[in-house]
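Based on these hints, arrange chains B and C on the given structure of chain A.
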Amino acid sequence: MNKQMIPLAIFSALVIFLAIGLTLDPKEVPSPLIGKPAANFKLQKLYSDEAFSPNELRGEPWILNIWASWCVSCRQEHTLLVDLAKEHPVTIVGLNYKDTPSEAKAWLQELGNPYQVTVQDPNGQAGIDWGVYGVPETFVMDREGIIRYKFTGPLTKKRIKETLLPLLSELKDNKIQVK
Amino acid sequence: MKIHYLLRSILFSFLAFTALMHTANASIETYPFETAQQEKDYNVLIDELRCLVCQNQNLADSNAELAQDLRKQVHTMLVTEKKDKDSVVKFMVERYGDFVLYNPPVKSQTLLLWAGPFIFLLLGIWFLMRIVKQSNSIQPTKNENAEHSASKSE
Amino acid sequence: MIPEIGHFSLILGLAFAFVLATVPLFGNRHKHTALMQLAVPAAVGQFVFLAISFGCLLYSFTVDDFSVKYVADNSNTQLPMIFKVSATWGAHEGSLLLWAWILTGWALAVSLFSKTLPLSLQSKMLSVLGMVTIGFILFILLTSNPFERLLEIPQEGRSLNPLLQDIGLAIHPPVLYMGYVGMAVTFAFAIAVLIEGKFEMAWARWAKTWAIVAWAFLTLGISLGSWWAYYELGWGGWWFWDPVENASLLPWIIATALIHSLSITASRGSFQSWTLLLAILAFSLSLLGVFLVRSGVITSVHAFATDPTRGIYILVFLVVVVGASLSLYASHAHKVTQRKAFSLVSKDTLLLLNNVILVTMMATVLLGTLYPLILDALGVAKLSVGAPYFNSVMLPLTVPLALLMGLGFVTHWREDSSKRLLNRLWLPAVASLLVAFLVPLLLLPDVSGLAILGLLMSSWIAFTALIWLLKENSTGLVKPNMQKFGSALAHIGFAVTLTGITITSIYSIEKDVRLEPGQSYQINEYQFKFIGVQQKQVDNYLASEGHIKVFVDDKLLTELYPQKRTYMSQVMPMTEAGIDAELSRDLFVALGEKLDETAWSVRIQYKPFIRWIWLGSILMAVGGVLTLFQRRRKDKPENVNVTEVNA
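Protein chains in written order, with the working numbering: chain A, 21 to 199; chain B, 14 to 167; chain C, 3 to 649.
These are calculated hints, taken from the structure and not from any lab test.
This structure is a prediction, so every number in the text was calculated from the model and none was measured.
Some hints here could point you the wrong way.
Derived CB-CB ranges, DEER-like [as the list claims (entries may be wrong)]:
id, chain 1, residue 1, chain 2, residue 2, range
1, C, Leu585, A, Lys23, 47 to 53 Å
2, B, Lys120, A, Asn143, 32 to 38 Å
3, C, Ile7, B, Lys120, 40 to 46 Å
4, C, Ser329, A, Glu182, 41 to 47 Å
Glycine included, each C-beta is placed from N, C-alpha and C at the ideal position.
If we strip away everything but chain A, and leave its shape as in the complex, we get (with noise of 0.2 Å):
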């Protein structure tokens, strides 16, 4: 009899990890490079000739936020990016990826500007490298240069409540060391 009860047994366990996977995304890739130092890159800004390097932000969190005048949910969170440059002293560097600076900057004019600089990655060269797949993406590093988290997908109200504000004030007050 015994035995017998081995088929129920097994698929017992197979439906509570199917149950399981009802609540999961099977789509979303967890970023590997969380922990990591955040890839370097030297890009054009959008608004002058000069080239901009992350390596100038060390010293202070900041935020990395990929972003296109084509992609349909930057338009949700965007809004919500101005109203968080407004309302905190935080450093938000807006990577426009595939792109053309004439969109880009159509685009910024017409939702308004958070970003502090904007870099053009028209081939999407730096995207790989910070392990982009898709837009919007948003990477929070800390003081050193350490990526310390990635949004994918769009921001929102929530997230920025509860996951985003949070973290940056445990990365001001150096609360986070790296391991």
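Relative to chain A, chains B and C alone:
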């Protein structure tokens, strides 16, 4: 749970949208190779690397822009930078994680995966051997012996 | 009006399903013959109303009734009629309605063709089928109603995904569902037997018929899908180990094991409980397939767009159906099973070993498909398991399977001697070795170890099947024993498929080249000359059509016209390959993109023996069905009591 689903659908729509917006170009590139080995490595790599914005496709089969970018990256690393296959794999995994590999690496988390089939087979054969042993000791009935001789004589 | 009739018929169908599920069982309990017999008209009733319901949906498509949301989402006026028809099952809701209708079709067939079974068994079986039907109709009515109306009727529909506007894709779902759903019959049989408390050998023969028919449909359905993917997707691939593909392969593997296990039970009257478990498992895997494809837990191009509510419903349904059957199995199986004596060298052992390998294969495919989900659920890691894994692990399992196939033919039931087997088998063994080594040496471009292995396996199966058919066939070739012939053909079909897989996997050549008009590219003996590209407007798409001339030894062999189509409703262009198909090889050309003023990128592929893959599956299905045409042995009256079941 509800918010999670909402987030999921937003995430999905942004990924789907980004995939759709940039599939205007075909993915038949005519990359030059210096050696046959490079070409072979390239073809194996684009088969085994996953397109992250696609619905379960490798780099070879996908029209998505990210797939085109990554194919270009693979080619550049193999031909221009003269790197070997393992370096390309390492590069991709550093940035995108093990998720990007369709050929799961053999590590502690995948031991069960790779050993599984072998374990299943051994278990099955072990069970079978037990049954055969038991069956050897069952005495056949008279009817069965008659049946057996009848079928044998054909 | 019509959609409302369709909707209402569905509800009526549910009512009949409810009657079917409850009344005959009640009749069983109280040994009430009339109530048990009610199963048949109830089965007819649910079939008729599901047919009307499906017919109404089909009608809505043919008349472009965009007030029906499902029609508006999946069709439009520009669609050719045949694709309006196939759009009926092109998405989630409609395909489920088809599923449910086919289920009632199988129940109807069982009610008509189970006269040889005792009424108590038949009525139990039909009740179980009724219960499963209730589950599906409820699922449709509660979460996936195809008859939902739109308040604002759009002028034009959204159209069908261009990938689905194809004849292969039109036929593939119905054929596949016939197989998928057909597993419900042996499932219902298993439940009925467990409740009945006994399992006669004659019943096993009856069940085997239904297992084979469902299996044949599933074989063809999977093969159609593979063939379609090959010519439609433009990359020359024919199997991707995609979770949805695997979902159809899992019940197929178990159905194969089931057929062989039913053989043991029918011939020897043993291993009843194992057979019943396989029958439950086969349909459970069908249901698991429904879950995987429609719940969103896995990522696939094939997956239907769904919402989580549907996933929860299917999971609950799965738990109820499979949980209840496995619990019934746990408590009742020991009552119906028997062991008979057999020695190590016997057909019994070989068929059991076949089962072990097939179940291992199933478990392996299941493991690989669900592993990413399991690791993610445990929070351990996020990884992917794809074709490289499956190809690596399935090959070592196929080798012993092939070996067993050959052995299994000529081995006797219950007891045989290895000496006798050696006598029988040395000839096919030698012949196989010759083929395996000579064919690559003489006919193929280079010798590869894997090619030799593959050819060895295929020829071993083919030769042993032929030896068995010719030598052991007591009535000779004049009056062929249809069952033996069918069985041999089915196994030879597998060998043919295996040959196709081996050769095409190893010796295919694929090149992406840049061609100017007038330029050529050479693969083996074929010269592909690029003539140019023209623009064309057809039906509901705009095409760039390439023109390639293929020459062999400077003689024109054929002309190919690969296209890149932009459908009016889509941004994404579709590739239609130009294919020249022969039994020995396919020439496959796909148009890439315009590289400059005149040059285009072109993908040229040489695919040897690829047609053998699907040809083999046709042979398998045909062979399987032929075994059902058994002659009655009228010339041997004294064998009436002996069960003459051969394979």
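Each hint tested on the structure:
no. : hint                            : result
1   : C:Leu585 x A:Lys23: 47 to 53 Å  : 49 Å, holds
2   : B:Lys120 x A:Asn143: 32 to 38 Å : 33 Å, holds
3   : C:Ile7 x B:Lys120: 40 to 46 Å   : 59 Å, violated
4   : C:Ser329 x A:Glu182: 41 to 47 Å : 43 Å, holds
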